[in-house]
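Undergrad: For reference, the chains in residue letters:
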Amino acid sequence: MFSHHRLLIVSGKGGVGKSSVAAAIAIGLANQGKRVLLAETENRQAIAALFGRGPLGYQEKLLLRRESGGEVHGIAIDPAGALLDYLDMFYGLRSAGSILERIGAVSFISNVAPGLRDILLTGKACEAVRRKSGDTWAYDVVVLDAPPTGRITRFLNVTAEVVGIVKVGPIKQQANWVSEVLHSDQTGILLVTTPEEMPIRETIEASNQLREMKFRLAGVIVNMVAPDQLTKEEAISLESPSAVDLLEGPTELVEPLMAFAKAEQLLRATQSDQLRPLQTLDTEMIELPKLGNSLDLLRVTDLAKRLTS
Amino acid sequence: MTSALATKSTTFDVGALIRDESVRILICCGSGGVGKTTTAASLAISAARVGRKVCLITIDPAKRLAQVLGVDQLTNSPSVVNLPDLPVGGQLHAMMLDMKGTFDDLVRNAVDANRANQILANPFYVALSTSFAGTQEYMAMEKLAQVHRDERFDLVVVDTPPASSTLDFLDSPKRLGEFLNGRFIRLLTAPARIGGKLFARALDAGTSAASGLLDRVLGADFLKDVSSFITNFDEVFGGFQTRAEKTYALLQNPMTRFVLVTTLTPEPMREAQDFLRRLRSDGLTFAGVVVNRVQPDPASNLVEYANHTLNGQMGHALTEKLLKWVKADHEIADEQHQLLEEFRRNNMSLPNLTIPFASQDSLTYFDLESQTK
Chain A
1 MFSHHRLLIV SGKGGVGKSS VAAAIAIGLA NQGKRVLLAE TENRQAIAAL
51 FGRGPLGYQE KLLLRRESGG EVHGIAIDPA GALLDYLDMF YGLRSAGSIL
101 ERIGAVSFIS NVAPGLRDIL LTGKACEAVR RKSGDTWAYD VVVLDAPPTG
151 RITRFLNVTA EVVGIVKVGP IKQQANWVSE VLHSDQTGIL LVTTPEEMPI
201 RETIEASNQL REMKFRLAGV IVNMVAPDQL TKEEAISLES PSAVDLLEGP
251 TELVEPLMAF AKAEQLLRAT QSDQLRPLQT LDTEMIELPK LGNSLDLLRV
301 TDLAKRLTS
Chain B
1 MTSALATKST TFDVGALIRD ESVRILICCG SGGVGKTTTA ASLAISAARV
51 GRKVCLITID PAKRLAQVLG VDQLTNSPSV VNLPDLPVGG QLHAMMLDMK
101 GTFDDLVRNA VDANRANQIL ANPFYVALST SFAGTQEYMA MEKLAQVHRD
151 ERFDLVVVDT PPASSTLDFL DSPKRLGEFL NGRFIRLLTA PARIGGKLFA
201 RALDAGTSAA SGLLDRVLGA DFLKDVSSFI TNFDEVFGGF QTRAEKTYAL
251 LQNPMTRFVL VTTLTPEPMR EAQDFLRRLR SDGLTFAGVV VNRVQPDPAS
301 NLVEYANHTL NGQMGHALTE KLLKWVKADH EIADEQHQLL EEFRRNNMSL
351 PNLTIPFASQ DSLTYFDLES QTK
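Chains as they are written, first to last, in the numbering used here: chain A, 1 to 309; chain B, 1 to 373.
It is worth saying that the hints were derived from the structure and are not from the lab.
Just so you know, even glycine gets a beta-carbon here, dropped at the ideal spot from N, CA and C.
Do not take every clue at face value.
Stated by the list, open to error - Covered stretches of chain A (chain B as the covering partner; in silico rule of three or more C-beta atoms under 8 angstroms from a C-beta of chain B):
no., stretch
1, 6 to 20
2, 169 to 183
3, 208 to 214
4, 253 to 264
5, 285 to 294
What the hints assert, rightly or not - Straight-line distance between alpha carbons at most 30 angstroms, and here's what the computed DSSO-like set of lysine-lysine pairs gives:
no., chain 1, residue 1, chain 2, residue 2
6, A, K305, A, K232
7, A, K172, A, K232
8, B, K174, B, K246
9, A, K305, B, K53
10, B, K324, A, K232
11, B, K174, A, K232
12, A, K290, A, K305
13, A, K290, A, K34
14, A, K132, A, K305
15, A, K34, A, K214
16, B, K321, A, K262
17, A, K172, B, K224
18, A, K232, A, K290
19, A, K61, A, K232
20, A, K232, B, K321
21, A, K214, B, K327
22, B, K321, A, K290
23, B, K174, B, K224
24, A, K290, B, K327
25, A, K290, B, K324
26, A, K172, B, K100
27, B, K321, A, K305
28, A, K290, A, K262
29, A, K232, A, K262
30, B, K53, B, K224
31, A, K262, B, K324
32, B, K327, A, K262
33, B, K100, B, K174
34, A, K305, B, K327
35, A, K172, A, K214
What the hints assert, rightly or not - Stretch by stretch, here's where chain A covers chain B in the computed footprint (C-beta under 8 angstroms, at least three residues):
no., stretch
36, 32 to 42
37, 258 to 269
38, 290 to 300
39, 324 to 337
Construct the entire structure; sequences and hints are all you get.
TA: Rendered as structure tokens:
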């Protein structure tokens with residue numbers, strides 16, 4: 001699963017389970033023995049909630065370790081932390097941070113100066129990708145739980161966003177570097193959707209835009225698919241007049257079971273119809289079943305197994 | 001799902017709400033992906049069907065919904081939607097919010113053409129009007145206030161932006177104001193107001209070191225762009241702050257009602273709870289909760305049979321498959337039921353309405369409509 005990627009950027013429409021799928025990917029990779037950093041950028045604390053931890057901050061924390069040596073670490077990247085980090089790394093100026101903070105420049109740059117915010121967030125993820133620990137990478141893979149599809153192209157299009165505002169100087173150089181990492185063949189974008197009209201439409205729109213911008217789509221993950229299908233023969237037999245004879249059980253239950261079967265089959269047929277346009281994307285497509293009403297760590301771990309099998 | 005109504009609670013009477021002529025604004029709020037747009041559209045359509053003159057401000061309608069509304073023609077100003085069988089007086093207009101267009105119009109209306117062009121061309125303005133977190137929310141509110149003043153309408157129904165959390169919508173005008181009024185921006189623009197030299201002397205060493213650093217990091221052009229933007233924008237901005245306050249007052253007026261949309265999953269419900277708390281503390285008037293996409297529970301005798309038989313060996317493949325589905329659906333329904341019960345316990349006497357899950361979003365529109373008959 002996505003074995004040659006070092007940065008996986010996960011996006012999707014609100015409500016499709018983007019964060020859970022990002023976590024499932026991280027766990028799946030750790031199960032294969034990889035050291036993974038799972039990063040969120042929207043301060044929703046979804047990772048902390050899922051792993052049953054206190055709020056995550058800018059400090060990377062170990063969330064899970066497998067016997068194989070695989071690990072999942074977590075971080076909640078915030079723009080202010082990333083800015084101070086950046087100043088420190090490139091200028092040795094962590095102390096200047098307090099002055100900037102005092103006059104309100106940190107909150108200005110990191111939150112409201114348009115374009116800069118995104119480059120700080122993506123920049124931190126790229127830094128983690130390229131970070132060395134001795135002779136090896138500090139992390140084998142970074143999984144970025146990115147903003148929803150409605151904002152993803154702008155989020156990743158750092159150079160274009162920054163170029164209008166900052167024409168020269170280190171931030172411009174930083175933008176170029178980030179852009180290079182984001183466009184590398186080790187970076188892949190995964191779009192999460194559900195088998196419904198709106199999320200699928202957004203997925204297709206975002207894929208096309210991202211490809212136009214020369215980003216690489218690693219695949220589409222269809223989440224919450226009704227598990228299990230009827231075989232063709234079963235579906236046809238349910239339509240036949242003698243269908244009731246095909247089912248086993250107390251007579252008074254056969255009729256309601258028939259009605260139930262037809263409704264469920266309709267739902268599955270509708271879902272397949274909805275999914276069809278995704279084929280035009282010509283990318284890897286993975287379906288994940290709907291496991292209950294909401295995803296806890298146990299279910300996400302189950303999804304991780306399905307992703308890697 | 002009659003069993004879900006076990007806890008005593010009021011049903012959200014949508015029919016009464018849309019017939020109430022003192023209600024002039026309906027705002028649909030909720031976490032991303034819960035069906036706000038569909039709910040807003042179905043409220044608007046239902047209201048037109050009971051004779052209201054409605055304008056729907058939508059953000060990003062789904063295709064089928066768009067077809068119903070004739071979205072191909074939808075622009076940043078209201079256009080008529082031809083609904084069949086409207087009663088006398090009933091009317092529906094719809095528009096799709098254009099964030100940048102609304103912002104540009106605001107600027108053009110606030111200053112002379114020359115100044116407006118300067119602002120519109122400033123790269124900092126371009127970035128602010130297209131990608132500032134909160135601009136879309138602010139512009140939705142701005143549009144709401146404009147349409148509310150339009151005498152053609154007696155009800156405005158607003159859909160809130162998809163990606164934002166429920167609280168973002170309420171906080172965005174304040175955030176934009178804080179941004180434009182922030183100390184840092186004031187520092188940057190002060191030279192233009194009081195004369196550069198005087199200002200430079202007034203700066204303490206730390207601050208001037210800080211702006212020196214920013215010049216190094218961001219490039220001198222950046223601060224110049226910000227400075228010229230803010231100076232130009234000041235006239236517009238003076239109006240902005242007042243506007244934002246007025247709009248918020250409009251939201252606090254009881255003629256504005258908030259409809260909360262949620263699904264029965266933990267995160268949207270957490271957001272819903274935060275939002276309700278905020279509504280109470282800010283004196284905003286709450287209309288009701290629309291609980292969307294509720295999983296229907298299979299008939300109880302089927303569930304019982306499934307639980308019973310699936311424990312043992314089942315010889316019949318098709319029946320076994322179907323009974324597994326029964327069990328899976330029941331488990332989801334059960335989890336949802338518990339979340340709903342908890343929500344109702346925490347929000348006693350809150351009117352709410354459950355909408356069954358439909359495989360296609362737009363079907364909920366018909367469901368909600370049937371509730372109002």
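Undergrad: Please go over all the hints and tell whether each is borne out by the structure.
TA: Hint check:
Beta-carbon proximity to chain B at under 8 angstroms applies to 4 residues in the stretch 6 to 20 of chain A; the threshold of 3 is reached and the given coverage holds. Look at the stretch 169 to 183 of chain A against chain B: 4 of its residues bring a Cβ nearer than 8 angstroms to a Cβ of that chain, three or more, so the hint holds. Evaluation of the coverage hint for the stretch 208 to 214 of chain A: breached, as 0 residues show C-beta separations to chain B shorter than 8 angstroms, against a requirement of three. Only residues whose beta carbon comes within less than 8 angstroms of a beta carbon in chain B count, and the stretch 253 to 264 of chain A has 6; three or more means the coverage holds.
A stretch counts as covered by a chain when three or more of its residues have a beta carbon under 8 angstroms from one of that chain; for the stretch 285 to 294 of chain A and chain B the count is 4, and the coverage holds. Straight-line distance between C-alpha atoms of A:K305 and A:K232 comes to about 28 angstroms, which keeps the hinted pair within the 30 angstroms bound. With a C-alpha separation of about 57 angstroms, the suggested pairing of A:K172 with A:K232 is violated against the 30 angstroms cut-off. With a C-alpha separation of about 12 angstroms, the suggested pair B:K174 and B:K246 falls inside the 30 angstroms cut-off, and the hint holds.
For the given pair, A:K305 sits about 54 angstroms from B:K53 by alpha-carbon distance, which is inconsistent with the 30 angstroms threshold. Restraint check: the Cα-Cα separation between B:K324 and A:K232 comes to about 18 angstroms, which is no more than 30 angstroms; the hinted pair holds. For the proposed pair B:K174 and A:K232, the alpha carbon gap of about 58 angstroms is over 30 angstroms, so the pair is violated. Between A:K290 and A:K305 the CA atoms are separated by roughly 14 angstroms; this keeps the pair inside 30 angstroms, and the hint holds.
Proximity of A:K290 to A:K34 is assessed by CA-CA distance (about 26 angstroms); at most 30 angstroms being required, the pair is judged to hold. Taken as a hint, the A:K132 and A:K305 pair is honoured in the structure, with Cα atoms around 29 angstroms apart against an allowance of 30 angstroms. Pair hint A:K34 plus A:K214 holds up; C-alpha atoms about 28 angstroms apart against a cutoff of 30 angstroms. Distance check on the hinted pair: B:K321 and A:K262 sit about 13 angstroms apart at the alpha-carbon level, within 30 angstroms; holds.
For the hint linking A:K172 to B:K224, the alpha-carbon distance of about 16 angstroms falls within 30 angstroms, and the restraint holds. With a CA separation close to 22 angstroms, the supplied pair A:K232 and A:K290 stays within the 30 angstroms bound. Among the hinted pairs, A:K61 with A:K232 is inconsistent with the structure: their alpha-carbon atoms are about 49 angstroms apart, more than 30 angstroms. At most 30 angstroms may separate the alpha-carbon atoms for a hinted pair to count; A:K232 and B:K321 meet this at roughly 14 angstroms.
Note on A:K214 and B:K327: the hinted pairing is violated, with a Cα-Cα distance of about 45 angstroms set against a maximum of 30 angstroms. The hinted pair formed by B:K321 and A:K290 meets the criterion: a straight-line CA distance of about 16 angstroms does not exceed 30 angstroms. With a C-alpha separation of about 25 angstroms, the suggested pairing of B:K174 with B:K224 holds against the 30 angstroms cut-off. With a CA separation close to 13 angstroms, the supplied pair A:K290 and B:K327 stays within the 30 angstroms bound.
Note on A:K290 and B:K324: the hinted pairing holds, with a Cα-Cα distance of about 13 angstroms set against a maximum of 30 angstroms. Between A:K172 and B:K100 the alpha-carbon distance is near 25 angstroms, which keeps this suggested pair within the 30 angstroms criterion. A distance of roughly 22 angstroms separates the Cα atoms of B:K321 and A:K305; the hinted pair therefore holds under the 30 angstroms criterion. Among the hinted pairs, A:K290 with A:K262 is consistent with the structure: their alpha-carbon atoms are about 19 angstroms apart, no more than 30 angstroms.
Restraint check: the Cα-Cα separation between A:K232 and A:K262 comes to about 14 angstroms, which is no more than 30 angstroms; the hinted pair holds. Pair hint B:K53 plus B:K224 does not hold up; C-alpha atoms about 48 angstroms apart against a cutoff of 30 angstroms. A threshold of 30 angstroms between alpha carbons decides the hint, and for A:K262 with B:K324 the separation of about 15 angstroms falls inside it, so the pair holds. With a CA separation close to 16 angstroms, the supplied pair B:K327 and A:K262 stays within the 30 angstroms bound.
Under the criterion of a C-alpha separation no larger than 30 angstroms, the hint pairing B:K100 with B:K174 is consistent with the structure, at around 19 angstroms. For the hint pairing A:K305 with B:K327, the CA-to-CA distance comes to about 22 angstroms; that is within 30 angstroms, so the pair holds. For the hint linking A:K172 to A:K214, the alpha-carbon distance of about 20 angstroms falls within 30 angstroms, and the restraint holds. Counting residues of the stretch 32 to 42 of chain B whose C-beta lies closer than 8 angstroms to any C-beta of chain A gives 3; at least three are required, and the coverage claim holds.
Evaluation of the coverage hint for the stretch 258 to 269 of chain B: fulfilled, as 6 residues show C-beta separations to chain A shorter than 8 angstroms, against a requirement of three. Here the stretch 290 to 300 of chain B counts 3 residues with a CB under 8 angstroms from a CB of chain A, which clears the bar of 3, and the coverage holds. A stretch counts as covered by a chain when three or more of its residues have a beta carbon under 8 angstroms from one of that chain; for the stretch 324 to 337 of chain B and chain A the count is 9, and the coverage holds.
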